[in-house]
Amino acid sequence: MTIRARAINRGRGTPGLWSVLGKVLMYLVLIGGAISSLFPFYWMISSSFKITNEIMQVPPNIIPTSLVLDNYHYVFSTMNVWQTFLNSLIVSGSTVLLNALFSGMVAYALVKLVFPGSKLLFMLVLAFMMIPGQLMTVPLFLQINRMGLLGTYPAMFLPGAVSSFSIFLFRQAMLSVPNDYIDAAKIDGSSHIYIFFRIIMPLIVPTLITVIIINFFWSWNSYLWPMMVTVGKDHMATMPVALDRYRTLHAVRWGATMAGCVLTAAPIMVLYLILQRQFIESIALSGIKG
Amino acid sequence: MSYIRVTGDSAQSRPEKRKRWDRIALLFIAPYVIFTLTFLIYPLGMAIIGSLAKWDMISNSFVQFTGLSNYVRLVNDPKFWQSVLNSLIYFVVQIPLAIVGGMFVANLLNKKIIARDLFRGLYFLPVITGSVVLAILWRWMYQSSNGIINYLLSLIGVEPVKWLTDASITMLSISLMKAWMDVGFYTIVFLAGYQSISAELLDAAKVDGANDIQVYFKIKLPLLNPTIVFCIMMATIWAFQIFNEPYIMTGGGPLGSSTTMTLLLYKVGFIEHNMGYASTIGVAIGIIIFVTSILERRLFEREIE
Numbered sequence: 001m002t003i004r005a006r007a008i009n010r011g012r013g014t015p016g017l018w019s020v021l022g023k024v025l026m027y028l029v030l031i032g033g034a035i036s037s038l039f040p041f042y043w044m045i046s047s048s049f050k051i052t053n054e055i056m057q058v059p060p061n062i063i064p065t066s067l068v069l070d071n072y073h074y075v076f077s078t079m080n081v082w083q084t085f086l087n088s089l090i091v092s093g094s095t096v097l098l099n100a101l102f103s104g105m106v107a108y109a110l111v112k113l114v115f116p117g118s119k120l121l122f123m124l125v126l127a128f129m130m131i132p133g134q135l136m137t138v139p140l141f142l143q144i145n146r147m148g149l150l151g152t153y154p155a156m157f158l159p160g161a162v163s164s165f166s167i168f169l170f171r172q173a174m175l176s177v178p179n180d181y182i183d184a185a186k187i188d189g190s191s192h193i194y195i196f197f198r199i200i201m202p203l204i205v206p207t208l209i210t211v212i213i214i215n216f217f218w219s220w221n222s223y224l225w226p227m228m229v230t231v232g233k234d235h236m237a238t239m240p241v242a243l244d245r246y247r248t249l250h251a252v253r254w255g256a257t258m259a260g261c262v263l264t265a266a267p268i269m270v271l272y273l274i275l276q277r278q279f280i281e282s283i284a285l286s287g288i289k290g
Numbered sequence: 291m292s293y294i295r296v297t298g299d300s301a302q303s304r305p306e307k308r309k310r311w312d313r314i315a316l317l318f319i320a321p322y323v324i325f326t327l328t329f330l331i332y333p334l335g336m337a338i339i340g341s342l343a344k345w346d347m348i349s350n351s352f353v354q355f356t357g358l359s360n361y362v363r364l365v366n367d368p369k370f371w372q373s374v375l376n377s378l379i380y381f382v383v384q385i386p387l388a389i390v391g392g393m394f395v396a397n398l399l400n401k402k403i404i405a406r407d408l409f410r411g412l413y414f415l416p417v418i419t420g421s422v423v424l425a426i427l428w429r430w431m432y433q434s435s436n437g438i439i440n441y442l443l444s445l446i447g448v449e450p451v452k453w454l455t456d457a458s459i460t461m462l463s464i465s466l467m468k469a470w471m472d473v474g475f476y477t478i479v480f481l482a483g484y485q486s487i488s489a490e491l492l493d494a495a496k497v498d499g500a501n502d503i504q505v506y507f508k509i510k511l512p513l514l515n516p517t518i519v520f521c522i523m524m525a526t527i528w529a530f531q532i533f534n535e536p537y538i539m540t541g542g543g544p545l546g547s548s549t550t551m552t553l554l555l556y557k558v559g560f561i562e563h564n565m566g567y568a569s570t571i572g573v574a575i576g577i578i579i580f581v582t583s584i585l586e587r588r589l590f591e592r593e594i595e
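Chains A and F, in that order, are what the protein sequence lines are.
Under the numbering used here, the first residue of the first sequence carries the number 1, and numbering increases by one thereafter.
Under the numbering used here, the first residue of the second sequence carries the number 291, and numbering increases by one thereafter.
No lab work stands behind these hints, which were simulated from the structure alone.
A portion of the hints provided could be inaccurate.
As the list claims (entries may be wrong) - Facing chain F, according to a computed beta carbon distance under 7 Å, are these residues of chain A, among others:
#	residue
1	M26
2	A34
3	P40
4	Y42
5	Y108
6	Q134
7	M136
8	V138
9	A161
10	L224
11	W225
12	Q276
Heads up, the beta-carbon is just placed ideally off N, CA and C, and yes, glycines get one too.
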C-alpha cells in the first residue's frame, strides 16, 4: 500500500516506471480480490455439473472433466422444486406488496397529513429500528402458534409486513414532493387516497424500487423464521429452508446439494444482473441482511 | 389503543390543532399500528415478562412467576458464557477484517480505474446471494478430506486444516467466511463515503505539499468517521445475532465451540422447549448489543473539525 501510493504520487505528471508498476500492482490486487469473490461461485456451479465420482475425488479437479445434468435430475426428482419456488415467490411477493403499501401509507400520513401525535409516531418508528429481531423470536413463535397460523404463508409474511426502514425511506422521498401538488389536487376535489396512489407514488418510483428490492432480497434469503414456522410442513418451506433440509437428508450427495444451491441463488442473481446498480445502492443504503 | 395515546399527546402540545386535523390519517396509519402492536410491541413485552416466568408453550401463558431465577441461572450457566465467548471471537475477528477490507477495496476502486463498475459488481456478488446458499457452499469447500480450500492450500505446502471439525478453530473459520461475504457490502458503503469527500479539499492539501498517505490519514479518514461508526454499529448488531452460518456449517459444534448466543437461544427454546429461559437469553442479547453500541460510539465517534 505504502510503496504503491508513493509510486503513484511521484509519477504524477510524468508517467515513470514507478507509476506504471504501481498501477500494475493495483490491478493485480483488484483482480486477485475479484477472483476470490468469484471462485466459490465457480466451484458451486461447476460442481453441480460433475458426476458423483469426480465430486468425491481426491484431489479435486479445478477444471472439471465431466459435464452432466445428473445432479439437476436428481434434485428435481427428490425435492419438490416447483412447489418450493412457488412458496418462496408467494411469501416474498406478499411481504414486498404489504410492506411497500403499509409503509408508504404511514410515511404519507407522517409527511403530508396533520394529525395528533405524528411526531411521537415518527420517533417510535425510529426507535423500533434499533430493536434486534432475535429478542422477539420466542413470543412471536408462540403467538403465531396460538393464532393457528403455523405452517401457513401468513405466518411467514405477516411479521415482515411493516418495517421502520421502509417508512424512513418513503418519508425521505415524500419530503421532497412539493405540497403544492397536493393542494392543487385537493382543490380539484381529489381524496387523499387518490393523491397517495396516483400523484405521490408515481413521483417517487425510484424509492419504491429500492423498498421493493430490499424487502424482496430480505425475505427471499430469510431463513430462521420460515424454518421455525414450517417445521414438519416441508411442502410449505421456502427455497433456503427446503435447501438446507435437503442437504441434511442427502448429506453425501454434494453434487445434488450444489445444484440445489444454484437453483436457490438463481432468481436473485438474475435480478441482480438486470438491476445491478439499483441492487447495490438499495442494499448498501439499507444495511439489512440475512 | 395507540389512537388514545396519540390524542393525549396533542392535547398538551398543540391544542390549537385539535379540531383541524386530517381524520383520514387514521386510515393511513391503522395497518402499521395494528401490525406493530401485534408483531412487535406485544411480543416484546411478552419476551421481557417471559424471562421472569415459567412459560407454557401450548396456551402461551405464564404458569408461574419465578422472579429473577432465569437470570441467576443465566449468569451461572457455562453454556451461556461459552456462547458469549464464541460470539466475541466472531466480533473480534470478523468485524475488523470485513470493515478494513471494505475500506481498502473502496480506496482502490475510488481511483481512476478501468472497469470499476465490473469490479464493484463482482465484489458485491456474495452480499446478494444469501447466507444459506453460501453457508452450504462453504461447508463443502471447508471439508477437510476433499475440500477445495485444503487442496489449494496443499499446493503451497500447507497441511490439511480441520476447518469445521477442530473445536479450537471453528469460530475462526466461520468468521473468515463471513468476512469474505461482507467485504463487498462495506466496499460499497465506503465507496459512497469516499465519493462524498470534496475534491477541492483534497486538491488544496496536495497543493500544500501533502503526500497521499498524509492526505489519507489527516483528511480522508477523519471525514469518513461517520461512515466508520455506522459500519461498526451495523456490524455489531449483526455479529451478536449471527445464526445461519454456525447453524448450517457446524450445527454449533463440535463441543459447543461454535454455538453463538442466538444459536443457544434457538436450542434452549425450540429443542429443549424452555421458552422462559430462551427469552432470558434474548433479553441478554439485546442488552449486550445495546451496551456494546454505546461503548463503541464513545470510543470511535469523533468531532469533525
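**OP:** Just pull the numbers of the violated hints for me, sorted ascending.
**Re:** Violated: hints 4 and 11.
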